[in-house]
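J.: Protein chains in written order, with numbering that gives the first Met the number 0: chain Y, 0 to 338; chain U, 0 to 338; chain G, 0 to 337; chain F, 0 to 337.
Some hints here could point you the wrong way.
Here are the simulated DSS-like pairs of lysine-lysine, each with C-alpha atoms no more than 27 Å apart in a straight line [to be verified]:
1. K264/F - K150/Y
2. K45/Y - K307/Y
3. K45/Y - K111/G
4. K203/U - K126/U
5. K49/G - K307/U
6. K180/F - K214/F
7. K150/U - K180/G
8. K206/U - K273/U
9. K273/Y - K206/Y
10. K206/U - K49/F
11. K49/G - K206/Y
12. K126/U - K49/G
Covered stretches of chain Y, going by a simulated chain F footprint (3 or more residues, C-beta under 8 Å) [to be verified]:
13. 38–48
14. 131–142
15. 173–181
16. 253–267
Calculated directly from the structure, the hints in this document are not laboratory data.
We put the CB at the ideal spot given by N, CA and C, even for glycine.
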Amino acid sequence: MNLPASSLPPAPAVGDASLLHRHDRDFLLGLYERLVLIREFEERVKFLFLEGTMPGTIHQCQGQEATAVGVCAALQADDFITSTFRGHGHALAKGLTVQEMLDELFGATTGCCKGKGGSMHLGNMAKGMVPGIAIVAGGIPLAAGMALAFKLQRRPQVVACFFGDGAVAEGAFHEGVNMAALWNLPVVLVCENNLYGASTRIDKVMKHPCVAARAAAYGFRGETVDGNDVLAVHAAAQRAVAECRAGQGPVLLELLTYRRTGHSRRDACHYQAKDEREAWFARDPIERFGAQLLGRSDVSAADLAAVKARVEQQIQTGVERARQAPQPTIADLTTDVFA
Amino acid sequence: MNLPASSLPPAPAVGDASLLHRHDRDFLLGLYERLVLIREFEERVKFLFLEGTMPGTIHQCQGQEATAVGVCAALQADDFITSTFRGHGHALAKGLTVQEMLDELFGATTGCCKGKGGSMHLGNMAKGMVPGIAIVAGGIPLAAGMALAFKLQRRPQVVACFFGDGAVAEGAFHEGVNMAALWNLPVVLVCENNLYGASTRIDKVMKHPCVAARAAAYGFRGETVDGNDVLAVHAAAQRAVAECRAGQGPVLLELLTYRRTGHSRRDACHYQAKDEREAWFARDPIERFGAQLLGRSDVSAADLAAVKARVEQQIQTGVERARQAPQPTIADLTTDVFA
Amino acid sequence: MKRQGIAEALRDGIAEEMTRDPSVFCIGEDIGVPGGWGGAFTVTLGLAEKFPGRVIDTPIAELGFTGMAVGAAMMGMRPIADVQYGDFLFLASDQLINNAAKMRYMSGGTVKVPMVMRAPIGATGRGSQHAQSMERYFIGVPGLKVVAVSTAYDAKGVLKAAVRDDNPVMIFEHKLLYGSKGARAEPGAVDATSEIPDGDYVVPLDRAAVRREGKHVTLLGWLLMAHYAMAAADLLAAEGIEAEVIDVRSLSPIDYDTIGASVRKTGRVLLVEEGPKTGGVSAEIAAGLMEHCADSLMAPIVRVASADVPVPFTPVLENAYRPDVARIVAAARRLAQS
Amino acid sequence: MKRQGIAEALRDGIAEEMTRDPSVFCIGEDIGVPGGWGGAFTVTLGLAEKFPGRVIDTPIAELGFTGMAVGAAMMGMRPIADVQYGDFLFLASDQLINNAAKMRYMSGGTVKVPMVMRAPIGATGRGSQHAQSMERYFIGVPGLKVVAVSTAYDAKGVLKAAVRDDNPVMIFEHKLLYGSKGARAEPGAVDATSEIPDGDYVVPLDRAAVRREGKHVTLLGWLLMAHYAMAAADLLAAEGIEAEVIDVRSLSPIDYDTIGASVRKTGRVLLVEEGPKTGGVSAEIAAGLMEHCADSLMAPIVRVASADVPVPFTPVLENAYRPDVARIVAAARRLAQS
Ligand SMILES: Cc1ncc(C[n+]2csc(CCOP(=O)(O)OP(=O)(O)O)c2C)c(N)n1
Ligand SMILES: Cc1ncc(C[n+]2csc(CCOP(=O)(O)OP(=O)(O)O)c2C)c(N)n1
Ligand SMILES: [Mg+2]
Ligand SMILES: [Mg+2]
């Protein structure tokens, strides 16, 4: 893959084929299903938003599915993640249901946050996901603190903290990462480097735009990974999680990926160069992984089609129910402020 | 010199003797006088504070005089500095008078800030010193913005921004330094690394405690210098200033030094190890430079004694006047809020 | 004369000031990216092309670029900084409050900080962290001037006055009033367009604006609530209650001359504020009016404000959170009859 | 029973809570360094030795360690964070306001953030950036509880209640009231010691305290001003004016029951606040009292507060800035006679 700007981090090597054969079929198809689920979920949400039936605002992750899926597949159910304004993929990857998410997006009381959170604040503590933090980099100190709690409590959990390339410039990144490093906290710092922070390209905001290299300044390990290769992400995340559980955290994973859709709402991405878009579209994480899977003797095109059909059905049902889901009443306005 | 903790930055090489002969006698004696002036000023202020006749609080710089003097000697009169709560030395080095400073410390209207600033906010814009910023690292974005102004105005000035090792952990450092680097701004980032932020040793707050190395993460040049060698500091600052004026800024100078006195007020420094204190006392910047100077054929012990006598006289006069200097009246309370 | 919305009027105002004075420049996130949006609400669209090098796109670093604006202002520039959402001002507030606001005083009057900070506020279906009414956090900071603009005419005139002012000025704007177009249009937007005169003009930073005269009750609001108060006054008029509506506009200092004159006329004050009732700007105005014109008050001052809760996402609750025309009418009716 | 100052009482309170509950820990700058000071005002002195690994010294990174406290609290810990001077809260306010205060609401009631943030405030000869009265910035934030402690008894009891509360609680303390000793003693300090009972006790987070009964005028203050109000009441009594003095203590929520009862008795209210008059907590109390007990008010509510200027360094002006006993007496006298 060619990245147009020479100052960008080197392209990761093409997917390591051996990874494909280390895993069993069910696991791989499970990953594939999650990827497809996120893509279809996002496409459907976009439609609902544009048609005007879904309220609020949206920040979507089409093209970036492999980062969420690869990382979360390396976590246990009782591990945690923190997320951002762009959290739909993280939520689905961590096990939130389509239904609780759609209900939330429709503002229903059956939503994962009773309709009080919305798209930017999806979460479910019981499933290990803190409500999304929509302040860029605001989740980083928070995740470091969660990891501190695990350490003080001598619990084996880790937290994976998702943030974007844009977050690296924030003071919160610097402060949170420094303390995580100082105290060897079990936090995997997952930078989804999609080359843009809103409309601004990474080379305009970092003179030395390799995010993984930042780790060294704080005295810990960073690694750049092909974020559109779900198995590579998964493998890197597994290593990172293992190090964190062994008390050798944190680890910074820079996952190179690309946002296929607007930054938010109706954004047409005119700031993305055409050749860049095309280069990245050619390495779509789902198409690539699908093609890889078909290279296995135990996976057929029909298997993949069945996944897609199942996912579509699930989302269709979800949308129908969400449209009917109960809306809050005014009495709900003042509940849930204090514990 | 031996630093007790192995994780600390390597000790700088002993003063480069050739520097001594590059400069003429007047320049060198001028540096010496500034160093002595700062030391004597601080000692006198400490006395006045402890005796209870001077109000307010104090943060002093005994032992660190060479950083202020070396850097400011590399600046022009119309270059600027920003400073901190520990700004007495910076102010004297940048040319503020003993009188305007003492008057300020005594809260007089003839003080450099009409008594409204105080010890932590000494400054004089006409002499190129912004009032000290007492929020740790708060002066870094400010200095970057001043440098941005110089660049936009195509003026040749540079700004030297003083801060401590403790400031490196603040988000403001990260954000300000990143933008200074991105836009090649003419700011010399002067980190006075005295090994402690308040009572906390640098190795407790940075896993990789070489401050100069941080520059690389942002894509610019950093350098560690013996901060107790005024000529080494001056030489490094001259290089940095030249680069900044040539549009190749910023530069990060890490000046290794040591605070001989308390962090503030009556602090007895019990957190500093005895052997560490002794090691650093043995490399006192004024004694060292004095000894170096005596190695020149054109400088005698009598010259140095004359400097000291002149300085003492100046401070004595300053104190006497400051004690009599006019105090504000209540009408002054509400002036100077808006321009 | 041309009819413009707030976003357009601000854009023209900034362009005119940049043309007039080479020391004016813009700094913020995504404000000048080619192919981008001209900031979160299109205010700076096209300015980067018109003024090369003077519309500075920053990293996402609110504390940092705000501090840079302060520093640049101290060196003779006149920065116009903006945050994409007012909620992010918490990240920048150290530089605004500890440096920009205090620098003049603590320097004994020798430093000037002529900078402008613009910030969009208001609950608009985005959830708790992109919704807060931030003006309350800055009116109690000596050294800052705080203004809120609710019409395009004011937006342009206040912007220009703020740029020319030698002090740090914060301008609050409301997302639903920008009249942003295209992909950046806002559902629920309210028309805040004005006829904009062709020549140069400024709107002073310390004057409230009487938007409608009346004699029974004074409605005080700003930003979106100034519009809602006007709509409420229409309905009240139909019931025979003549409400005087004042757009407070200047939130620090508060224009007690204009407001006081109205209170002396009506004797009854209803404050309308978006943002939780507790600790809002209305509290200050209520307390201040008691000091300025207690003798004229014929009834206790009433505050209609949002609930004391974070801003909820779901539209049902967001609408219940924020004062609406019906609540204003009901409260004004009660007050007029008290 | 023993007589203690605020710093000692807080120290004991923290130690007792740490002993009682292993999830309690301290986090902040210079709080546990061997040979150090136990924080800027000695509150945590000796605790690091007593509770190894549970008194965490951080880098100078207020935003970061506050965010870490929020995250740790969400995972079941009960952090007690502190900033060395309240003025630095501006750096941490994003985490306090956007995360700690909103997390429960935006999660639909599923997250708890049981954390305490302590902050010393007050003008004490240090100049503008180490002097501000910060409580005004937090009372208007739904989801936060805000308390101010002016006696050692309250300090310990409030600290304990705050640690046990499942919500984020901010405790404001005053530098002149700590009774810090030795090298950390403060010139101008006021005696705030109390007899501290031996057993466990808490002071509720939502109750004001009547410090002195009286019938002519109600003086409301907190922190240093509660003490000055008491001193003023002594002088007023000599003139035959019986002032009721209430330490407001709970700044959010405000205890309108206790305060209202007093207002119904005296009909006259004088608010005393350290911090600029505009936009202070007094504004909220004045506006709130108009809503709660307008009928009982026999005169307009009066605010005595600091000047609307940054805090000056020079003692002459700092003393003129802050309300003093003489100003309180004069204002109360005028009010009682009005
Ligand atoms: C503190 C803060 N500043 C600005 C924004 C507005 N904003 C939302 S998303 C975004 C870009 C974030 O870029 P990045 O971190 O790379 O994440 P991505 O959008 O690419 O997923 C910006 C500037 C914000 N939400 N928070
Ligand atoms: C934002 C902020 N946090 C904390 C403090 C309190 N404080 C004053 S000086 C200091 C230590 C600073 O250390 P360093 O930057 O190394 O400077 P030094 O004192 O060594 O000159 C601290 C923590 C402050 N002034 N500002
Ligand atoms: Mg990005
Ligand atoms: Mg230091």
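J.: Could you tell me which of the hints above the structure violates, numbers in ascending order?
T.: 1, 3, 4, 5, 6, 7, 12, 13 and 16
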